[in-house]
Structure formats: structure tokens, C-alpha cells
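Each protein sequence line maps, in turn, to chains F and C.
For the first sequence, the working numbering gives the first residue as 1, with consecutive numbering after it.
For the second sequence, the working numbering gives the first residue as 1001, with consecutive numbering after it.
To be clear, the hints were calculated from the coordinates, so they are not data collected in a lab.
Errors might be hidden in some of the hints.
Cut-off 20 angstroms, straight-line C-alpha distance, at most; resulting in silico cross-link-like pairs (SDA-like, lysine to any residue) [unchecked claim]:
(1) F:163 to C:1019
(2) F:163 to F:127
(3) F:159 to F:148
(4) F:159 to C:1018
(5) F:159 to C:1071
(6) F:163 to C:1016
(7) F:163 to C:1026
(8) F:159 to F:126
(9) F:159 to F:146
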Amino acid sequence: MTDAELVRRVLAGDGGAFPTLVERYHERCARFALRMLGHREDAEDAVQETWMRAYRALGRYHERDVFRAWLFRILINQCRTMATRRRRRWRTLVSDDDALALAPDRGPRPDGGVVLEDVERALAGIDPMLREAFLLKHVEQLDYDEISAATGVGVSALKMRVKRACDALRARLEGR
Amino acid sequence: MTDRQRDDLTAEDEELRDPLLRDAAAVLRAPAGLDPALPARVVARARAAGAPRGGAPGGRRLSLSPWAALAAGLACVALGAG
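One chain only, chain F, in its complex shape (with noise of 0.2 angstroms):
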């Protein structure tokens, strides 16, 4: 069944619709909010929120948009809004590049792979608008039309943003 039938059917009063949604999308709504802010209690918040923001805003879903890219714009603003709600938390945990560069430095696997851990570091090192591009375009694997539509920014701005990301994120993990 597709999103907007399942979105017709919980208009139109269909208990199960909802949740079915919720199973087929919540996993991605998670990992990205937990990428994004690096802070689990921030991301579960900012996910229940965005599934509340959605789900009473579903009569103004309109079916030529891409359920996902409209899911999505709720979460980015969600995200976007808890990170400057705590930003002095952000400042410290996040994005203090003196605070990254004490973090105890375990050196290049033997097997010149990643960790997690490496990429959670590297990535929370770099500028939010960069990471959130880099997130949606290669970790969520939306096209750019849909990012576009999730972000209200434009196509060439953000390919420019996903090429920056790239380039910040080689050099931080090259240099672990």
C-alpha cells in the first residue's frame, strides 16, 4: 500500500493506517534525528515531536509530494529547532573543535575500515548544514529533488553543501 493511500486511510478514520506509517518510516526518522544532534534523548524527542507535528498536520498532506520529503521537512525543523534550543549543550558536545581534538585519538584500524564511534566523531566535527546534507544525500539516500523539497534549499546549493561535506568529513577521518 502506498503512504498516501495509508494517509487517505487514516483521514479517513482507520486505526491501523497510522501506526503502519509510523513502522515503515520511524527507523529512518530515528537514525537521522540521532546522526544529526548526537544526543539520544534530544533525537527521541525530536522524533515523538515530529510524528505528533505530522500526524496533525496529515490533512495538509498533499499527494503530488513525496511522503517521505514532507515527513522528512518536519523532522529537519525539528532537529534544526532542538539544536538551537540547547545550544550551549551543542557547543560543548558537539561541535568544540578543542574538545574533539582531546578526545583520545585510537589511531587507524589494522584494517583501514571505520567505527561508528570514528564517524559519529568525525561527523559531529562538521558544520550542521554540511552534516544534514551529507546525512540525507548518503545515508538516507534521498534524491536531491526530495532533499530539496525537505530542506527548502535549492538543488545546485545543495550539492555544493554535499561536496563540502564530503571534503570535511575525508580530512577529519583521515586524519583519526
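Position chain C against the provided structure of chain F, taking the given hints into account.
Just chain C now, with coordinates in the frame of chain F:
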């Protein structure tokens, strides 16, 4: 930016060719591992909130153009004056 630079950028962006970044993206696709009760909590909150609001099913909204709204407003005023 020249057309050539734009083409290069597009090609580089469409897929991750760098194995390091490809591995990083794959690692980041691991499940988040947030509270497993979260989806059930969301559904329970939605049920408690009642039916969603904001328009007719399927995204079809009843709306008036600004001119139609103005005409309706003037009609109401005229009726009231009468």
C-alpha cells in the same frame, strides 16, 4: 562555476566513489537503537489526540481565492447592513 566544474560536481555527488566515505555512510546506516517503545508511544499519543485536522482527505483542501474571500466578506457586510 564553469559547466565543466558543475558536471564534475554532479558526477561526484551522485555516488560516493571514495571507499572511505562509502564505508562511513554504510556505518551510519546502522540502526539508531533508540528506545524501542518509542513507536508505540507515538501511536498512543496520536490516538489520544483524536483525528488529525487540517483539511479534507487526500490533500484536497477547501479554499477560497483572495477575490472570492473578499466577495464573500462584502456579501456578509451587505446582508448585515440590510
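Next on the checklist: Name the hints, by number, that the structure is in violation of.
Outcome noted: Hint 5 contradicted; others consistent.
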